[in-house]
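There are 2 protein chains.
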Amino acid sequence: MERKDMALLTDFYELTMMYGFWKKGRENRRVCFEYFFRELPPHNGFALFAGLDQVLAFINNFSFTDEDLRYLRQVGLPDEFLAYLRSFRLEIDLWAVPEGTVVFPYEPLVRVEGPLASAQLLEAFLLNALNYPTLVATKAARICYAAEGDPVLEFGLRRAQGPDGGVTGSRAAYIGGCVGTSNALAGQIYGIPVKGTHAHSWVMSFDSELEAFRAYIEIFPENPVLLVDTYDPLTSGIPNAVKVFKEFREKGLPLRGAIRLDSGDLAKLSKEAWRLFREAGFEDPLIVASNELEEDLIADLKRQQAKVNSWGVGTHLITARDHPALGGVYKIVAVQNGQAWEPKIKISGNISKITDPGRKQVVRYYLPSGAPLADVLYLENEAIQTGEVRAYDRENLFKEERFAAGSGKPLLQKLVEKGKVLPPPESLEAVRERALANLAALPGEYRRLRYPQTYSVLLSPGAANVKRELLTEAGFFGRR
Amino acid sequence: MERKDMALLTDFYELTMMYGFWKKGRENRRVCFEYFFRELPPHNGFALFAGLDQVLAFINNFSFTDEDLRYLRQVGLPDEFLAYLRSFRLEIDLWAVPEGTVVFPYEPLVRVEGPLASAQLLEAFLLNALNYPTLVATKAARICYAAEGDPVLEFGLRRAQGPDGGVTGSRAAYIGGCVGTSNALAGQIYGIPVKGTHAHSWVMSFDSELEAFRAYIEIFPENPVLLVDTYDPLTSGIPNAVKVFKEFREKGLPLRGAIRLDSGDLAKLSKEAWRLFREAGFEDPLIVASNELEEDLIADLKRQQAKVNSWGVGTHLITARDHPALGGVYKIVAVQNGQAWEPKIKISGNISKITDPGRKQVVRYYLPSGAPLADVLYLENEAIQTGEVRAYDRENLFKEERFAAGSGKPLLQKLVEKGKVLPPPESLEAVRERALANLAALPGEYRRLRYPQTYSVLLSPGAANVKRELLTEAGFFGRR
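Chains as they are written, first to last, in the numbering used here: chain C, 82 to 561; chain Z, 82 to 561.
This is chain C alone, in the form it adopts within the complex (with noise of 0.2 Å):
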């Protein structure tokens, strides 16, 4: 999995813009960016941030080489800039929200720096690396809130859209809750755990299913799992597991009872599997689902008390089926003029795409109890509130809203300076405790599978006379 070059994995504009400000002197004007997504996937009241790894590893990592250089001077770049291009870096600072962070619309998660040039060129790259991770580790966390504590394994590879689909989309879905993957490139790099069972051509590879079983359990009589429905799960496949199992019990080998289905009706199958298994006296059989699992189908067999213990989910995990692009945005907020800092806005017929001027700190305000209540956008530089918050909404700038807190925390934390990675890399343990913590603090009105609260991203009183004084200058409110 590791490239020789990502410098080109860029959209082109990205390239001739940059040309463009060189040529015209403007390569080092210092701009800000910020990252942030305007809708979370439909039903959720959250998201689960991740994917920065691969942002800082590409700023880190960052130059064009030859290879590079001499592909764009094909396609029509001049010389004068490739030179420019060839000692080029990421001269960027950059402030993120940690990876594992719940987070909510319209508040920007990264927030980026740096001369014209470099700032512009991050775009592609950084939306590509976010958009994804922070889609299935959202999804992750909703499927595993619906499985009620029952482990959920990611066994996505074989539908992922590519191999980087597998492999971030494994590592980000261990992020959100799951316990392991089938994928053993993801265990490899990332250290999450591995786990399978067998296929269906396991069974249909031997002369009959009982020879087939009884192999499985031979090789591996450490924790194996039976498959099955490779043919009728009910008169051959469910018996046919128990019978091996004691076998195997009356040799001395004392095992856990545990099967795979992964076809016909769970519910019923899974409930009459228990019943066998406890007629023959296993008394806590393992009964592991796949099949196009999601949460919703999840919830539904929870509902129909399945007998099922351990999920195995695949394709609506690793796409985020029912929603498989979360639209995040990277959009220039101010830019330098002189030493001062100059808000821009971006302006739009539809009233919750207008931008939100300024360079910005997201602050999180907290219960007593520690849930998050709360999240202001502060200006860089405004002073946070403690005690009475007052923060406006973001459409209706005049609609103010108060609430009592404690001392609000801010999630931005720089982690790039001049192109430079502050802080070592977090373990992926570290971050997936941070994401369950956060996970564990959120109230279940915003977990709720359906019609979950919406939570309060609100502009600071600076964040939003800014946004006032554009919109006005701009003639929003009418010209007067």
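Hints are not guaranteed to be accurate.
Identical copies carry no separate label here, and so any pair may be met within one copy or between two of them.
[Said to hold, decoys possible] Result set (DSS-like, lysine-lysine): computed pairs, CA atoms no more than 25 Å apart in a straight line: (1) Lys349 <-> Lys324; (2) Lys425 <-> Lys104; (3) Lys332 <-> Lys104; (4) Lys105 <-> Lys324; (5) Lys105 <-> Lys427; (6) Lys499 <-> Lys104; (7) Lys327 <-> Lys349; (8) Lys352 <-> Lys434.
What the hints contain is simulated information worked out from the structure, not anything from laboratory work.
Once you've looked at the hints, dock chain Z against the given chain C.
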């Protein structure tokens, strides 16, 4: 994008099953697997096969590295087996339908024969490598169909599911008919034409939109396209663009007026832009639209006679938004017993999921016009019918179909022998030409956007016979 090592990009159970086969002395038993999919994406009458390039490269380069073996020891595989893996190669024979061929559900698109260990191990990578590109090539063909010959550009990188989603997705989109991509790395690797305009940030980094437009054309006087919706397109962006194109014409640079619309009412805005350009004497302005486009929206804009003549499609194409996973599967169809091949069947309560046993060839029959008429799955070595063809429904095996046809054309070609890839890789242009020719030959009834005809995929007399026999043995028709 070069990767050092992909051998572990597999489901862990492939490796444990392989160990099991080896342990039982069955690793060299010859088996035959086939890759096929059961369902087309919604409203689709066909799919366009793609992704084979990655499978062939994987087979060619396959070996476990020392690092891989260390990892496999760490997760519990024993040393004797690792010694076997050290020199392990994928010693398979492989037949496949050429990339860019129009294909249909249930027909084997790839057939793999070889030692059980090799053929099994290939499963997860092959599925990962084929499912996604086939999905995107198919989606691209559908979008290009809706665009009625207008150029369609793939702009998906920022919403793709990881870097591979971007790069292999760009390749697949190009096969399916797109004329270019925004993704510079895909351009470099595959030679796909790269395209792009500029972002809102270009405009926002200047003091005014007019200044930004002037600077852009000055720097990019060859086919510049101006993005007109940073502020209000009707009162600002479009009039400013027309004004600047006029200025340059007056300076002696007679450019084609060209803009991109990335938000708002694309029908209305494009007509207004068209009108203003024409009034200003630009006879044939280029009006590119982007923003959450997909085939139905493009068709609707066409119905409204929107004056868009170039389409930039991102999210919906690169993620196949409405159906982001092709459920392709890889199933064992035969096992060698001594010298004879023994066909294998996978039974299911769902009749369409019962597999078609035996090693097969896909034969396509054509109308005299050159349009495909029906595909028949023959057993390998079965005589191919010519003239009057008899064939059988794959679910209702007693339902005979007869049709008159010329000589059928076998679609599966041998590409790998004992792990060596036989022909040199095809050029991407050759694959794309095949795709466009295949699409052009496909009657409209299979291409339309809603309720396409179902193309006939039938079993040959021999294949139907084997399936009947195995189902009889399994008691499917009732025990007698």
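We went through each hint and held it up to the structure:
Within a single copy, Lys349 and Lys324 get their C-alpha atoms as close as 20 Å, which meets the 25 Å cut-off; across copies the closest is 70 Å, which misses it. Within a single copy, Lys425 and Lys104 get their C-alpha atoms as close as 23 Å, which meets the 25 Å cut-off; across copies the closest is 67 Å, which misses it. Proximity of Lys332 and Lys104 under a CA criterion of 25 Å is satisfied inter-copy only: 20 Å between copies versus 80 Å inside one chain copy. Within a single copy, Lys105 and Lys324 get their C-alpha atoms only as close as 78 Å, which misses the 25 Å cut-off; across copies the closest is 21 Å, which meets it.
For the identical chains of this complex, Lys105 and Lys427 are intra-copy neighbours only, at 22 Å inside a copy versus 66 Å across copies, given an alpha-carbon limit of 25 Å. Taking the shortest Cα distances, Lys499 and Lys104 sit within 25 Å of each other inside one copy (23 Å), while across copies they are farther apart (55 Å). With identical chains, the CA atoms of Lys327 and Lys349 are at most 25 Å apart within one copy only, with a shortest distance of 22 Å there and 73 Å across copies. For the identical chains of this complex, Lys352 and Lys434 are inter-copy neighbours only, at 24 Å across copies versus 50 Å inside a copy, given an alpha-carbon limit of 25 Å.
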